[in-house]
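Asks: Sequence:
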Amino acid sequence: MAKIGNIDVGDFPLLLAPMEDVSDPPFRALCKEQGADVVYTEFISSEGLIRDAAKSTMKLDIYEKERPVGIQIFGANLESMLQSVEIVEKSGPDIIDINFGCPVKKVVSKGAGAGILKDIDLMVSLTEAMVKHTKLPVTVKTRLGWDHDSIKIVEVAERLQDVGCQAISIHGRTRAQMYKGEADWAPIAEVKNNPRMHIPVFGNGDVDSPERAMEMRDKFGLDGAMIGRASIGYPWFFREVKHFFKTGEHLPPPNMKERLDAARRHLQMAIDWKGEKLGVFETRRHYTNYFKGIPHFKEYRMKMVTSDDSADVFAAFDEVEREFANYEFA
Numbered sequence: 001m002a003k004i005g006n007i008d009v010g011d012f013p014l015l016l017a018p019m020e021d022v023s024d025p026p027f028r029a030l031c032k033e034q035g036a037d038v039v040y041t042e043f044i045s046s047e048g049l050i051r052d053a054a055k056s057t058m059k060l061d062i063y064e065k066e067r068p069v070g071i072q073i074f075g076a077n078l079e080s081m082l083q084s085v086e087i088v089e090k091s092g093p094d095i096i097d098i099n100f101g102c103p104v105k106k107v108v109s110k111g112a113g114a115g116i117l118k119d120i121d122l123m124v125s126l127t128e129a130m131v132k133h134t135k136l137p138v139t140v141k142t143r144l145g146w147d148h149d150s151i152k153i154v155e156v157a158e159r160l161q162d163v164g165c166q167a168i169s170i171h172g173r174t175r176a177q178m179y180k181g182e183a184d185w186a187p188i189a190e191v192k193n194n195p196r197m198h199i200p201v202f203g204n205g206d207v208d209s210p211e212r213a214m215e216m217r218d219k220f221g222l223d224g225a226m227i228g229r230a231s232i233g234y235p236w237f238f239r240e241v242k243h244f245f246k247t248g249e250h251l252p253p254p255n256m257k258e259r260l261d262a263a264r265r266h267l268q269m270a271i272d273w274k275g276e277k278l279g280v281f282e283t284r285r286h287y288t289n290y291f292k293g294i295p296h297f298k299e300y301r302m303k304m305v306t307s308d309d310s311a312d313v314f315a316a317f318d319e320v321e322r323e324f325a326n327y328e329f330a
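In the UniProt record's numbering, the protein residues as written are 1 to 330.
Possibly wrong hints are sitting among the right ones.
Stated by the list, open to error - Derived DMTMM-like pairs (lysine to aspartate or glutamate); straight-line CA-CA distance at most 20 Å: (1) K105 with E20; (2) K292 with D261; (3) K110 with D121; (4) K90 with E64; (5) K298 with D318; (6) K65 with E33; (7) K110 with E42; (8) K152 with E128; (9) K246 with D218; (10) K105 with E47; (11) K132 with E79; (12) K192 with D11; (13) K132 with D149; (14) K90 with E66; (15) K135 with D162; (16) K3 with D61; (17) K246 with D208; (18) K55 with E42; (19) K274 with D61.
Note that these hints are calculated values from the structure, not bench results.
Just need the whole structure built from these sequences, with the hints factored in.
Replies: Printed below as a string of structure tokens:
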């Protein structure tokens with residue numbers, strides 16, 4: 001059984017990765033229903049929190065049904081990060097996660113996210129200060145290193161553990177790779193196999209099938225898998241992995257009714273949470289996967305992703321139901 005602090009997260013837990021404009025409360029709710037063991041918020045700027053920026057503070061919304069839930073924050077300024085911890089605590093999360101892995105230029109250029117991989121001493125000291133500043137378990141999400149020539153993840157993980165980090169999730173790419181090429185899980189296994197490590201080590205990157213999740217567990221010996229892109233528009237991924245672990249067999253894919261029900265609920269929850277405009281806009285990225293595989297679907301998808309009016313999107317769902325009610329997904 002893996003534990004984050006005193007939180008029992010199960011045997012080889014599946015974690016929903018923090019993804020910008022994806023891991024919001026509506027999507028987290030759907031993933032939780034389908035078997036996600038731990039969910040994380042979108043990453044939140046510490047500077048945005050202390051300035052009370054609306055977009056940042058809105059991301060603090062969490063709900064009882066999604067526990068255990070972690071709020072993820074990023075930044076490189078110690079004072080700002082400590083102030084943000086105090087703000088985050090008021091939302092009552094179970095975990096505070098630090099983002100040391102985001103490769104996006106606007107984050108990295110400020111020394112935050114994966115940018116801090118250039119300064120491991122700062123990474124460790126910042127983590128230590130945050131651990132001392134809260135009673136909540138502090139976890140870290142990071143990458144293998146800045147580039148191929150600077151991979152020291154075994155040492156880095158041990159140092160983070162030694163200053164009080166309660167779990168570490170490692171994306172199997174460097175910052176230089178961004179999201180290109182294949183994720184390399186071997187260095188993550190080296191972290192796990194370090195005899196001095198005793199906190200959970202979760203793998204991230206390219207877990208895109210139940211078989212890959214099983215490989216991460218059985219071949220690489222990791223404590224859990226953090227799921228990102230495979231879940232976008234497909235919250236059923238979590239239940240499919242768990243079914244495969246239990247039976248060695250693949251679940252049939254969700255049928256049209258399940259997909260339409262999820263898409264409608266997702267859109268309505270998004271509108272209820274963030275309003276019509278943002279609710280419609282930020283659910284668009286999910287529709288390709290909700291309805292992936294349907295032939296001659298472009299016309300309907302275009303209606304879903306180009307309309308600014310939720311009534312039009314719901315009408316498109318109704319059209320799909322009429323036209324493809326009996327479609328069987330492979």
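Asks: Given the proposed pairing of K192 with D11, does the C-alpha separation stay at or below 20 Å?
Replies: holds (15 Å)
Asks: K135 and D162: Cα distance at most 20 Å?
Replies: The hint holds at about 16 Å.
Asks: Mind checking the alpha carbons of K65 and E33 for me, to see if they're no more than 20 Å apart?
Replies: Given that 20 Å is the threshold and the Cα spacing comes to 9 Å, the pair holds.
Asks: Verify the proposed pairing of K105 with E47, using a straight-line Cα cut of 20 Å.
Replies: holds (17 Å)
Asks: Are the Cα atoms of K132 and D149 separated by 20 Å or less?
Replies: violated (32 Å)
Asks: Sort out whether E66 lies within 20 Å of K90, counting only the CA atoms.
Replies: holds (17 Å)
Asks: Hint check: K246 vs D208, CA-CA at most 20 Å. Holds or violated?
Replies: holds (18 Å)
Asks: Starting from K132, check that the Cα of E79 is at most 20 Å away, please.
Replies: Distance of about 13 Å is within 20 Å: holds.
Asks: Taking 20 Å as the top limit, are the C-alpha atoms of K292 and D261 close enough?
Replies: Roughly 15 Å separates the two Cα atoms, so the pair holds.
Asks: So if I understand the rule, the pair passes when the alpha-carbon distance is 20 Å or less; does K298 with D318 pass?
Replies: holds (15 Å)
Asks: Does E64 lie within 20 Å of K90 when you go C-alpha to C-alpha?
Replies: holds (14 Å)
Asks: Just to be careful, I want the Cα atoms of K105 and E20 compared with a cutoff of 20 Å; is the pair within it?
Replies: Given that 20 Å is the threshold and the Cα spacing comes to 14 Å, the pair holds.
Figure legend: structure checked against the earlier numbered hints; hints not met, in rising order: 13 and 16.
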